[in-house]
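Place chain B with the ligands on chain A using the hints.
Chains as they are written, first to last, in this note's numbering: chain A, 1 to 176; chain B, 1001 to 1795.
These aren't lab readings, by the way, just hints derived from the structure by calculation. For clarity, every value in this text was computed on a predicted model and none was experimentally measured. Idealized CB from N, CA, C, for every residue including glycine. Keep in mind that the hints are not guaranteed to be accurate.
[What the hints assert, rightly or not] Here are the simulated SDA-like pairs of lysine to any residue, each with C-alpha atoms no more than 20 angstroms apart in a straight line:
#1 B:1017 - A:105
#2 B:1011 - A:101
#3 B:1017 - A:94
#4 B:1011 - A:105
#5 B:1011 - A:131
#6 B:1017 - B:1518
[To be verified] Quick list of the computed label-pair ranges, beta carbon to beta carbon:
#7 A:140 - B:1658: 38 to 48 angstroms
#8 B:1071 - A:131: 16 to 26 angstroms
#9 A:140 - B:1435: 50 to 60 angstroms
#10 B:1513 - A:18: 33 to 43 angstroms
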Amino acid sequence: MNRIAGNTAEQSADPTQLTRMTVNGETVEREVSVRMLLSDFLRHELGLTGTHVGCEHGVCGACTVMINGRSGRSCLTFAVQADGADIRTIESVADENGDLHTLQEAFRDCHALQCGYCTPGMIMNILSHLEADDEIDLSDEGIRELLSGNLCRCTGYANIIKAVRQAADTGNWNRT
Amino acid sequence: MSTRMFGAPVKRNADSKFLKGEGAFVDDIPLPGVKHAAFVRSPFARAHIKSIDTSAAAAHPGVLAVYTCDNIGPLDIEMPLLIPHESMTDARTQRPLARNDVYYVGQTVAMVVAVDRYVAEDAALLIEVDYEPLDVELDLEAAVRDGAPLVHATHPNNVAADFNQICGDPSAGYAEAEHVTRIQIQVDRSTSAAMECRAVAARFDPITGELIVWDTTQAPISVRGGLASILQLDEDKVRVVAPDVGGGFGQKVLLFYPDELLVPYAAMQLGSPVKYIEDRRENFIGSSQERTQIHMIQLHAKKNGEVVALKDFFLHDTGAFIPYGIAVAQVASTSIAGPYRIPNIEVRFQAVYTPTVPVTPYRGCGRPQSCFAIERAMDQLAEDLGLDRFEVRRRNLITENQFPYVREGLLFADGLRVSLDSGQYHKALDMVHDSIGADDFPAQQEAARAEGKYLGLGLAYYVEGTGLGPYEGGHIKIHPITGKVYVNTGLSGQGQGHETVFAQIVADQLGVAVEDVILTEGDTGAYDWGVATFASRAAVVSGNAIYKTARIVRGQTITAAANMLEADPEQIELRDGAAWIIGGNRNVPLAAVATATNPLRYAFNDAAQAATQFAPASRHDGPPLDEGQHPGLEATDYYSPECATWAYGVHGAIVEVDPDTCSVKIRKYVCIHDCGNMINPVIVDGQVMGGLAQGFGGALMERIEYDADGNPTNANFVDFLIPYATEIPDVDIQHLETPSPLNPLGVKGVGEAGCIAVGATVASGVADALSSLGGHKFHHTPITPSMIFDAINPS
Ligand code: FES
Ligand code: FES
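Chain A with its partners taken away, still in its complex shape:
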């Protein structure tokens, strides 16, 4: 305390690269360190902290976002790899008034979250399936399979399965 501030570089000496992508419909352009993870980029450069990090080795799914319409692990992607990509995060799911999306509403109805840490990754994964054209198997087993890339340590999954079914049944999905 009370010492003269040292002469410290305020930034790392990492090489950077100009990177441009679309995030939740907005174009963003930043100089980013070439080793920065997409998860860190979204969270700390853009302040989109709804995307969570649970393992940083691709197992838990907490960091799931949509990359060009497919769900992907933002912890296994470098920000520079997402150059030119279209990224969607949890922050884009509710409408502009903040009203919950059908899937989010279903999670609330079914008590499908406890601590909420896995939730954004779950939602982005499920949403990518609901919005895609592929057939979804709504049997218990089918839904369990659909969730099998996301860990949740709180709920035991039973209510998440209910929520997926409710959302799939009630949602007005633009599916062809």
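Same frame as chain A, but now just chain B with the ligands:
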């Protein structure tokens, strides 16, 4: 609000923000200019440190500071022993940064603070530590033998604690017995594995002298006390906030982890905010774990199956240090007789140091192990005596007219006696018997065997002492402008829905909507008396404190409203956010009542006009506030339980074992559960189901592995398996609601319930399934495919 909210399946108040990604977890809190900490950790399970060279790291661009034990001032200490106990001598706790010796792989040796985490980790790699590795013994049974390498030279045979407890007259029981069943069981080590790892951020304000610490802790008030004491700060100058926390399950109740002291210290030293965000590997090698115990249990019984005495000796692995005292082992030892009368008990344990991550409570806290011991022994007793497994239990269960059932001589983890307070143990057993289809099962099993399939029925009963003291408090205030009700308590939440269940309790008393009750917890700046969230105690201890407080505020509100409406207090009812004359239309909103109880000088709105000292309504003789009165509708009260309240339950399963793949499939699972009155059945089910999932993990998958040198070999989510949705079966959860006579709400805790009996139930089922193939007993969890392979291919 004429409908009662207590007991209703109300949706949660907190969900929307999490669903929209607007939660505020520690790493989400914006701290401009924040610097990042990374650690150097021991690569050896036991070693002397000969030297540490930090010069290259300190010179690395972007590094602000490098800390070792030599430059952390008041932090170069052994951290607190949280729960002292007579059974331990010279209990060993960890230093924030190692001095001279390291005791497990992962122990913190140095800390780097740098401009970002990437640079901090680069620099940590540049620190050179010269170690002299020492011999280790990882096997628990070998570690207590003479000549085993010692973790701490101070503790011969690695024994950290040795404790014997007696209930009744065991010798008389042994003499009376006609049969003795003896088994040895083992439960292996697991970890909480909350999806959010631990995290700490701190900022020191040199102008106000306030230190703010954001911490994923389950015990913010205790962290505040400890920080103030170690850093020699006034308690009021330290504010600890546990913001949104992504699961805890016990691991986050321990204090202190090294980072919880070092990060605030660095923030003060460097004059800039600092944070440390644990990564998953660090969580595996640096944050507490639990479970390993080996029990040698004996049931001394009559020929009719009545158990007259129980003798148990067990080894409890406490890891390299014992900061949480003997709590886990003590809970295990006092729960050992389960729901059974067993009048004579002798239970002794040794807590053993091993050169591994320290052991502190993980959801269940010793209960899964004692449940596994007694329940596997009960199955064996049934087999020995040729009795049905349900019947042998029926003959020993405590009956309804025997409550409270006191186990004189056993002291629970709160230091208070074990007194099982209420329950319908026989009814629960009958429910599981019928729901699992026990009567039809033998025929099914036989038919399946004819087709080469192996079905088994599993069964296990458990009890759970919950709601431990010493106390919690609640503060309630009705806001004069909005009429919303603000509730503060000293706990912290990790997803249990406190904000909703406490709101339900308050909503009933004050006649407001559940959404209009706003809970603040986990912030010592908002409420700073209390203990922590652990031992399934929030609903019981804080719930009752908040209930008592709400009753006081209700009284204040009715008295004031009666005054305003010129009616008798008995004529007033509170509903829909207002006080009404019963049966009439006249009412006054709670906001107005709250304003009117505050004698004002300045009128800022209509309600305030009525409350100014000049307004006719408040004109009376004497001072505007009578002696002993306070302005507003506001109160604080506390609840301190006389002893734990005991929840219980029983699980039944039909499992199928595939002898080719050696895998186990749960065909059907029934959980009968009783936690007294339920405040919110949906939240209770969620807690139970979450616990069950952790139980399935522990039963079949989760084991922390160390090699013979003490290296963790599966410290990541690829190799340490926790269940995905594909590994969890459907569970039929059914409730009984036997109120606890010990507290006004009649509630018992539920947080840990689900996980306790799963290991014993699954093992019971697997053993039954394979009884015709060699009769292996499955006295060890997790049950892995190789165990099954060995069981059916004995050689
Ligand atoms: S944080 Fe990306 S998968 Fe776990
Ligand atoms: S709700 Fe906590 S991890 Fe899923």
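Verification of the supplied hints:
1. B:1017 - A:105: Answer holds: residue 1017 of chain B to residue 105 of chain A is near 12 angstroms, not above 20 angstroms.
2. B:1011 - A:101: holds (16 angstroms)
3. B:1017 - A:94: With Cα atoms ~11 angstroms apart, residue 1017 of chain B and residue 94 of chain A stay inside 20 angstroms; holds.
4. B:1011 - A:105: holds (11 angstroms)
5. B:1011 - A:131: violated (27 angstroms)
6. B:1017 - B:1518: Answer holds: residue 1017 of chain B to residue 1518 of chain B is near 14 angstroms, not above 20 angstroms.
7. A:140 - B:1658: 38 to 48 angstroms: violated (20 angstroms)
8. B:1071 - A:131: 16 to 26 angstroms: At roughly 54 angstroms between Cβ atoms, residue 131 of chain A and residue 1071 of chain B fall outside 16 to 26 angstroms, so the hint is violated.
9. A:140 - B:1435: 50 to 60 angstroms: With Cβ atoms ~19 angstroms apart, the hint is violated.
10. B:1513 - A:18: 33 to 43 angstroms: This hint is violated: roughly 51 angstroms between Cβ atoms.
In summary, the structure is inconsistent with hints 5, 7, 8, 9 and 10 from the numbered list given earlier, while agreeing with the others.
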